[in-house]
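Guided by the hints, dock chain L onto chain E, whose structure is given.
From first to last, the protein sequence lines are chains E and L.
According to this note's numbering, the stretch in the first sequence is residues 1 to 356, in order.
According to this note's numbering, the stretch in the second sequence is residues 357 to 694, in order.
Hints were generated in silico from the structure; no laboratory data involved.
As the structure is a computational prediction, the values presented were derived from the model and not from experiment.
Careful: at least some of the hints might be erroneous.
[Claimed, not checked] Each computed DMTMM-like pair below joins lysine to aspartate or glutamate, with the alpha-carbon atoms no more than 20 Å apart: (1) E:K148 x L:D440; (2) E:K148 x L:D443; (3) E:K148 x L:E495; (4) E:K69 x E:D88; (5) E:K69 x L:D443.
Residues per chain, in single letters:
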Amino acid sequence: MKRALALFIVLWGLASGASLEAQAFRWLAFGDSITLGHYDFAELGGYPGRLHDLLGCSPGVCEVFNAGKGGEKTYQAVTRIDSVLNNDGPFDVMMLMEGTNDIFGEYSVESMVNNLRIIALKARLQGTETVHASIIWYHPDGEYGTTKDDEVEALRDGVEDLSITYSHYFVDIWDVLCPESHPDVHGHNQDQCFDRHYSDVCPGTPPPCGDNRGHPIGWGYDMMAAAFRNGLLAVPIPGVATPVAPMGTIFEGLPRFTWDLESPVRATWYRLVVEGDAGVEVDKWIKAAYSCGPSSCSHGLTIPEELSNGDYVWRLQGRNPAGLGPWSEDTSITVVLEGLFFDGFESGDTGAWSGN
Amino acid sequence: MQRVSAILLSFAGSALLATLSIAEVLQSAGQAGNLWAKRDGAELHVGKVGGGEIRVELPPGASIRDLEPTAKGWLAAGRLPSGDGTDLLLIEGGEEGADLLPVPQRGSARYRGQPVLLLDNGHLTGLAWAAGQGPRELEIWAAAWQDGDWGPPELVSAKGPGSQVAPAGAVLEDGSWLLTWAAYDGEDDEIVASRRIGGRWTHPERIHTANEVPDLTPDVVRIDGGALAAWSWFDGNDYRVKIARWLGGRWSLAHVLGGKGSGEPGLMRTDDRVLLLFQSVVPMAWTAMDLDRAGIERRTAIVPVESYERPLLLLEATGVDVLRWPTGDRLLEWRDLP
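Chain E extracted, bound-state conformation (with noise of 0.2 Å):
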């Protein structure tokens, strides 16, 4: 109950922030056609959708974009990820789930984890980071009954280690459709349990049938989708970022602003604020993965940014799937920009007043 008002807490601070209306997060749910939601009767986008209305998304204030493929494998996926990132991004987030079209298939596990992780490099490069997530297991009485169980679970080891390898997030979704029959899934009768969270084939009959127990229904995808939202909620929120330079008096109007990452890194996306006399005068988003080194992060203002003379403070807030973090601690700077009286005129240095 506390992760779900911290959420709500975060998500209406995000929805009150006018300024902020174009930096809406954006999650990516990318996977096959369990991502896309087939066989969901209720048409509500599968997961995806599910999840959209889970996190309280509106416009300005967050969107999970579902881009699912029907019938892809991870193979396929290392190239369809390059359109989605460049025409449908920038995302801050991507929930990958895919591989049950290659275990249908002849792929060894290990391909398919290599797959999987060549996808989320290629969303890290552009900034997005990766949630991963097992993939659910077969309808025992579909068309390859329980035989590819061994096959889902491997592959659930090989996320979960890829996830711990390059500092992702998991979310396990394997068994979450029929959670009672944790752990031993083999061997006992969970008939109930499939049939009411699984699409079947009933003969002559339209969708959610038609299906040889391949995809989930809307039960199903309601029980995906709280099981991604209580995933994302587990992940801790990015501690606070420490502001390294400019301080004190500084004597350009377009300062680089450095800052030491927080222990342990957390935050995928950074806003910085920078506030004067008269006003904020700086409000912007900047991406982590553009703009942060291993221990340390730096961004200049562009011109329409310029600060002209006066005292100002800066202050970070660092955002990841989980939310937004606590600020930093103010820190003062003075701007003195060349002009009539700075330091030296009253002096007779007549250097100093060269107009150079």
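For chain L alone, kept in the frame of chain E given last:
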């Protein structure tokens, strides 16, 4: 031999094709004709291109992954649930119906599957398969079909550092067998091959230079003087299709083909040509390549289509070739290669 429930439909094979909705499709060609098979729920539909169709009721949970025309009809190989694992499934069919064939002797492996039918001039000579206790522990096995029965299982490749999957095979002109498959080497999947000469298997070796990127889903066919292999390979940003020839006792890379995201290449040999079919993501299309009996590329045709569903490649006697999906046919507009 156990008879499989089958319904023979001796008419309108092509028309029936268009009504099927399950994506799993197999195709094979040979001296005995051009065959297709498609699974539809618990049934396997097997047809001769331009001819009749038979519907075979599969055992519960069974699936088919290889199909070959024979002198008498056809053979299909797959797997079915067995205990807490899987076992091999062989079906022999013809105009009279379909029967289950015996499978090679089973060892202690929990899983047996991914069977490869090995035929020589339309006659079954062997079977290869993957077997093991888990998905990352599979070994590659084979057995010879002798006088209507299976010889003892032969270990082609013992358990390695990871998965061994997607075997494909061909019987070469000299009677030797050639198997290729994807094997994880501790870093990535590589395409390896082994030959059975005089009843003995050679040590599996890579068919390409060592690399640090995945190589996946090989297929192989016999060509004049050797064999042609095709597989999917990661070029650093996307998967592409590579083809290589086995000639004079060595593999040589012929070409890298296809758009971005190319994979699952399928090779098919007819009396006078070899055909390669694969799909790409960018452009979203299916590409067919026409090669001669020596595996030399002659023509190519690209069919843009927004579907991952594998089509049938139909070769008409009139020379008009098409790709067929349940939604309809698309003409192959061949372009000569320079």
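A quick look at each hint next to the structure:
1. E:K148 x L:D440: Within the cut-off at roughly 11 Å; holds.
2. E:K148 x L:D443: OK: E:K148 and L:D443 at ~13 Å, within 20 Å.
3. E:K148 x L:E495: The hint holds at about 17 Å.
4. E:K69 x E:D88: 14 Å, holds
5. E:K69 x L:D443: 32 Å, violated
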